[in-house]
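Line by line, the protein sequences give chains A and B.
Going left to right, the first sequence walks through residues 24 to 568 as the working numbering numbers them.
Going left to right, the second sequence walks through residues 439 to 926 as the working numbering numbers them.
Keep in mind the hints are simulated off the structure, nothing from the lab.
Predicted model, so just to flag it, every value in this text is computed and none were measured.
Incorrect hints may appear among the rest.
In silico DSSO-like pairs for lysine-lysine, Cα to Cα no more than 27 Å straight-line [what the hints assert, rightly or not]:
| id | chain 1 | residue 1 | chain 2 | residue 2 |
| --- | --- | --- | --- | --- |
| 1 | B | K726 | A | K206 |
| 2 | A | K368 | B | K522 |
| 3 | B | K584 | A | K368 |
| 4 | B | K686 | A | K387 |
| 5 | A | K368 | B | K686 |
| 6 | B | K691 | A | K387 |
| 7 | A | K387 | B | K923 |
| 8 | B | K522 | B | K584 |
Incomplete in silico selection of chain A near chain B, CB under 8 Å [unchecked claim]:
| id | residue |
| --- | --- |
| 9 | L202 |
| 10 | E254 |
| 11 | G308 |
| 12 | S310 |
| 13 | Y311 |
| 14 | D350 |
| 15 | R376 |
| 16 | E378 |
| 17 | S380 |
| 18 | F398 |
| 19 | V401 |
| 20 | V430 |
| 21 | K458 |
Ranges between beta-carbon positions, derived for each pair [as the list claims (entries may be wrong)]:
| id | chain 1 | residue 1 | chain 2 | residue 2 | range |
| --- | --- | --- | --- | --- | --- |
| 22 | B | Y884 | A | T391 | 34 to 42 Å |
| 23 | B | G835 | A | D124 | 51 to 59 Å |
| 24 | A | E179 | B | E728 | 45 to 53 Å |
| 25 | B | G751 | A | R98 | 23 to 31 Å |
| 26 | A | D413 | B | Y884 | 46 to 54 Å |
| 27 | A | Q429 | B | P859 | 32 to 40 Å |
Cβ coordinates follow ideal geometry from the N, Cα and C atoms, glycine included.
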Amino acid sequence: MPVLRFRPERLYELTGIDLELLRELLFKLKCEVEESEGYIAVEVNADRPDMFIGEGLARAVKGIQGLEEGWVKPRTIDSGLSLRVEDVPSRPYIVAAIVYDVNIDSEAYLEELIQFQEKLHEGLGRSRRRAAVGLHDLDKIPSKNLSYRMVSVDDEFIPLGYSKPMKIRDVLERDEKGLAYGKISRLGDRHPAIISGDEIITIPPVLNSNITRLDVGTRNLFIDVTSTSLETAEAILNIIVSNLAERSRAIVGLVRINSPWGGYYPRLEPRAMSIKANDVNSILGTSYSLEDIATMLRRMRYNVYIRGDYAIIEIPPYRIDVSKPIDIAEDVAIYVGYESIGFEKPVMLYAKRGEYSRLSRLVKIIRTILVGMNFTEVMQLSLVSPTIVDALGFRDYSVEVLNPVQVDYSILRPTLAATILKVLRENTHMSKPLKIFEIGPVVYRSNGGIIDEECLAIALMDEDASYEQLQAVVYTLLRTLGVTFTVRKAIRPHTMDGRTAEILVGGVAVGYIGEVKPEVLEAIGLDYPVVLAEISLNKMVEKAD
Amino acid sequence: MSGIVYIVSESEYRVLRLMIEKGFSTGSIRQASHILGIDKSSLASIFMLLRDKGLVDIKEVSIKKPKLTDKGLDVLSKGFPEEKLINILIESGEASIADLSRSLGPETSIAIGQARRKGLVIIEKGLVKLNVSAGEALEIINSLKKALEDCSRGVNPGEPYYSELRDRGLIAEIEERDLYIEVRGDLRSIIETVRVEASRLTHSMLKSGTWRMYKFRAYDVTLEPPEILPARLHFLREFIEVVRDIFKEMGFKEVTGPIVELELFNFDILFQAQDHPAREIHDSLWVKAEPADLRGYMDLIDRVSRVHESNWGYRWSPDIAARLMLRSQTTAVSARVIVSRPKPPIRFYTIGRVYRHDSVDATHLPEFHQLDGIEGYPGYTFRDLLGTLRDISERLGLEVKFKPAYFPFTEPSVEGYVRLPNGRWLELYGAGLFRPEVLEMADVDYPIGAWGFGIERLAAAYYNIQDIRLLYTTNIEMIRRFNVKGWV
Numbered sequence: 024m025p026v027l028r029f030r031p032e033r034l035y036e037l038t039g040i041d042l043e044l045l046r047e048l049l050f051k052l053k054c055e056v057e058e059s060e061g062y063i064a065v066e067v068n069a070d071r072p073d074m075f076i077g078e079g080l081a082r083a084v085k086g087i088q089g090l091e092e093g094w095v096k097p098r099t100i101d102s103g104l105s106l107r108v109e110d111v112p113s114r115p116y117i118v119a120a121i122v123y124d125v126n127i128d129s130e131a132y133l134e135e136l137i138q139f140q141e142k143l144h145e146g147l148g149r150s151r152r153r154a155a156v157g158l159h160d161l162d163k164i165p166s167k168n169l170s171y172r173m174v175s176v177d178d179e180f181i182p183l184g185y186s187k188p189m190k191i192r193d194v195l196e197r198d199e200k201g202l203a204y205g206k207i208s209r210l211g212d213r214h215p216a217i218i219s220g221d222e223i224i225t226i227p228p229v230l231n232s233n234i235t236r237l238d239v240g241t242r243n244l245f246i247d248v249t250s251t252s253l254e255t256a257e258a259i260l261n262i263i264v265s266n267l268a269e270r271s272r273a274i275v276g277l278v279r280i281n282s283p284w285g286g287y288y289p290r291l292e293p294r295a296m297s298i299k300a301n302d303v304n305s306i307l308g309t310s311y312s313l314e315d316i317a318t319m320l321r322r323m324r325y326n327v328y329i330r331g332d333y334a335i336i337e338i339p340p341y342r343i344d345v346s347k348p349i350d351i352a353e354d355v356a357i358y359v360g361y362e363s364i365g366f367e368k369p370v371m372l373y374a375k376r377g378e379y380s381r382l383s384r385l386v387k388i389i390r391t392i393l394v395g396m397n398f399t400e401v402m403q404l405s406l407v408s409p410t411i412v413d414a415l416g417f418r419d420y421s422v423e424v425l426n427p428v429q430v431d432y433s434i435l436r437p438t439l440a441a442t443i444l445k446v447l448r449e450n451t452h453m454s455k456p457l458k459i460f461e462i463g464p465v466v467y468r469s470n471g472g473i474i475d476e477e478c479l480a481i482a483l484m485d486e487d488a489s490y491e492q493l494q495a496v497v498y499t500l501l502r503t504l505g506v507t508f509t510v511r512k513a514i515r516p517h518t519m520d521g522r523t524a525e526i527l528v529g530g531v532a533v534g535y536i537g538e539v540k541p542e543v544l545e546a547i548g549l550d551y552p553v554v555l556a557e558i559s560l561n562k563m564v565e566k567a568d
Numbered sequence: 439m440s441g442i443v444y445i446v447s448e449s450e451y452r453v454l455r456l457m458i459e460k461g462f463s464t465g466s467i468r469q470a471s472h473i474l475g476i477d478k479s480s481l482a483s484i485f486m487l488l489r490d491k492g493l494v495d496i497k498e499v500s501i502k503k504p505k506l507t508d509k510g511l512d513v514l515s516k517g518f519p520e521e522k523l524i525n526i527l528i529e530s531g532e533a534s535i536a537d538l539s540r541s542l543g544p545e546t547s548i549a550i551g552q553a554r555r556k557g558l559v560i561i562e563k564g565l566v567k568l569n570v571s572a573g574e575a576l577e578i579i580n581s582l583k584k585a586l587e588d589c590s591r592g593v594n595p596g597e598p599y600y601s602e603l604r605d606r607g608l609i610a611e612i613e614e615r616d617l618y619i620e621v622r623g624d625l626r627s628i629i630e631t632v633r634v635e636a637s638r639l640t641h642s643m644l645k646s647g648t649w650r651m652y653k654f655r656a657y658d659v660t661l662e663p664p665e666i667l668p669a670r671l672h673f674l675r676e677f678i679e680v681v682r683d684i685f686k687e688m689g690f691k692e693v694t695g696p697i698v699e700l701e702l703f704n705f706d707i708l709f710q711a712q713d714h715p716a717r718e719i720h721d722s723l724w725v726k727a728e729p730a731d732l733r734g735y736m737d738l739i740d741r742v743s744r745v746h747e748s749n750w751g752y753r754w755s756p757d758i759a760a761r762l763m764l765r766s767q768t769t770a771v772s773a774r775v776i777v778s779r780p781k782p783p784i785r786f787y788t789i790g791r792v793y794r795h796d797s798v799d800a801t802h803l804p805e806f807h808q809l810d811g812i813e814g815y816p817g818y819t820f821r822d823l824l825g826t827l828r829d830i831s832e833r834l835g836l837e838v839k840f841k842p843a844y845f846p847f848t849e850p851s852v853e854g855y856v857r858l859p860n861g862r863w864l865e866l867y868g869a870g871l872f873r874p875e876v877l878e879m880a881d882v883d884y885p886i887g888a889w890g891f892g893i894e895r896l897a898a899a900y901y902n903i904q905d906i907r908l909l910y911t912t913n914i915e916m917i918r919r920f921n922v923k924g925w926v
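Given these sequences and hints, build the entire structure.
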């Protein structure tokens, strides 16, 4: 979830609400508030990018507090700017807008604006792969005629934060931002750029030019959004423009986009949806009247018009998360508050008979029998280190993680021997015999497929642990469970030939008992003999019927 | 006896019985040891205890005892001088003093003097002759020899021998301290009033009925006993069993699903766009394996592709859906359940391991257990969902509060916070009604509420464990000593 930092004085100026109440109201609006280092950190849910800046937060807060309601479309004028779109195969779409009189009057606001842009990049922009935003000081843009096209990476511009012109290639291959985002839209020796007059003012999605940089004192903003999806580009532009237009006296300037899909942007048209009271009530389990619902939705900043049994809802263009009646219902619930909406025990569901899975039922019994035979239960992660899998000779049967974080957790244990022997190794100082068992998942390859099953392992470590000691335990366990089984000699990679038996239930091998090979013990670092039994509980459940 | 009962130990009792059997009631320790066949030092300490209990009196006495001098020892091995003289006279009848001097050397005058004093010989005309018969003479000599032997064993031979031997410098007198025992009263009646103190009641006491004669010693019941290290069930799984039982009681049916899962069930059916950041490589774990075969899911895939493409506006790829990953949420199991289109009303839950792209630290593990529950029927509402979550929390013994949230697959979405006994709020549930898009993909036509929560964080709070890694300890001793006290 995105976390945004705000100056407390900014939020107070925007809302007129003190921090305690603000915290409560924001909690109702899916946000969590913490104070840190002189800032207020607000965790906003990813589906509300319109609240990633103070103005957006304030709009929602003032609505839910009943101070303001509905939505007013910002006033727009033609800016006279036009942007010609050429063929940019790696990032074909661009939309743009101007907001006059945004008036960056403080460092705090500038900080927030940059943060807003970054959070939009991360979420909706999918780390700039899908979309990226450029914010420019309109008054520093050289010409009203702009174009968006591919340029040579050998072309030069003054990147943001630099004082001298640089080749685009060098920016992409050396600058921090270039290294992070330089590969997204680059096509060989060409890269997308917006050009105004003769100047490159940005190379989306990487870096703007220093020419159009924002500063405290910047009044008017030019905003570009480039994307691989027109819909995303429009959505992001609407969110930005709507929020900047909340600044006092701000006016939106339209930019003409010259392209087959183009026209004047931004398109701040609300979407309409009509609902009946029951559409909300049947989802929430409430019984609000249509009028109640309309009032609540207005405070959630929708425009609502009642027409008979229907409410016509105008969804502001920045509310990209709303598309279905259920989204409207959620906003009603949020307005009421999840603590106030009430609850009901779904009584009819309690009439059902609860059941453990067959596996859980079996596991419950096995555990009590084994602890009764003095075996202590251990529990380990199923992700293990390749070293132990190699020591057991199971590498060929094992399934590896493609993108592990740590090598110690990079392979799924193909056998519980991997973890149970590791546990024994850490406990050789305990008094012997040491008796333990583990129940948990193993994952291994078999006949070209991946098998994923719940297993039981029982281990006994002693000065001179031997097969028959554990054999007695396994036989007792299986007979107590009422499982009919047979055994036969078997071979396993990690247990001694001639001292390993396979357990068969219904003619299928479900497990084995065996003394661990001395070379395996040595490789693992164990200097006491161990007898081990392992049984697939999935197979046993299946075959025991 | 007026109800007085003497409490004695097992060994004291044994001594009293022996005294009756062997007829010893008065005498020195030495005699007692001899008669009872028990070594003196054990016997002495037992008599001391019996004295403290008022059963016997003990007097300390000193006894004079003879001990051979060097001269006495010499005589003991070589014989008395007068004995040698008598032996010569028995052989030769009579002998001149001069002859005797040659045989007896310097002992001659002692030999003659002693023999004369005892009236064994007379001297006539310079010749020494026997005054009594040979038999009589030997008898007298032998008595004296026996007396010396007695003295060598520390036994007083009585008079006149003792004085004679002492006067002749053959023995010295030493003084030895001894204990003199005397039973207070009649042993046979005393023993009737005695109860043996026993530390343990035994099978043989019960079998023979002899428990009646025992008095069972009182223990210090407040003493610390030795520690036991029992075999134990693992505390984390025990906690999972508690949760399992709660869901069973509420009428939930438990289901299971695979750990190695298709992205289709982990993400696509849950309405996560294929380019959604949550599907990126740094959030989840994938396995090195060929993609799964989707041929078994053709109808499902049609619906999934239609819903994704019409709602998210991108080209949905079956190749991505077929990739195998380690499930990042057990909602994947719930997804499989709803795709099987169960007949409502439904109430299912699963508890299983999920995997995340996290490194191990005190609050993170790359894998942990997650519970996922679903329920629904035609007419099921959001308030029903909140009612169920409230009930689960109550059964866990926790207060709950709800906050709006966002998950791609639910709407309305809710997060449930529970208040721990220490007052801290723990973010526990992620929940909501499955979005219509999810139901459409699963081809289900009634509302379904869903929720999940991580087991480990709750278990750690339950057991008051600060470091989540301890839940997967390799320390068997810790498991065997684990204190299972929680708040329920």
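A quick look at each hint next to the structure:
no., hint, in the structure
1, K726(B) - K206(A), "holds, 26 Å"
2, K368(A) - K522(B), "violated, 125 Å"
3, K584(B) - K368(A), "violated, 112 Å"
4, K686(B) - K387(A), "holds, 14 Å"
5, K368(A) - K686(B), "holds, 16 Å"
6, K691(B) - K387(A), "holds, 16 Å"
7, K387(A) - K923(B), "holds, 21 Å"
8, K522(B) - K584(B), "holds, 16 Å"
9, L202, "violated, 17 Å"
10, E254, "holds, 5 Å"
11, G308, "holds, 3 Å"
12, S310, "violated, 11 Å"
13, Y311, "violated, 12 Å"
14, D350, "holds, 6 Å"
15, R376, "holds, 6 Å"
16, E378, "holds, 5 Å"
17, S380, "holds, 4 Å"
18, F398, "holds, 6 Å"
19, V401, "holds, 6 Å"
20, V430, "violated, 11 Å"
21, K458, "holds, 7 Å"
22, Y884(B) - T391(A): 34 to 42 Å, "holds, 39 Å"
23, G835(B) - D124(A): 51 to 59 Å, "holds, 57 Å"
24, E179(A) - E728(B): 45 to 53 Å, "holds, 48 Å"
25, G751(B) - R98(A): 23 to 31 Å, "holds, 30 Å"
26, D413(A) - Y884(B): 46 to 54 Å, "holds, 51 Å"
27, Q429(A) - P859(B): 32 to 40 Å, "holds, 34 Å"
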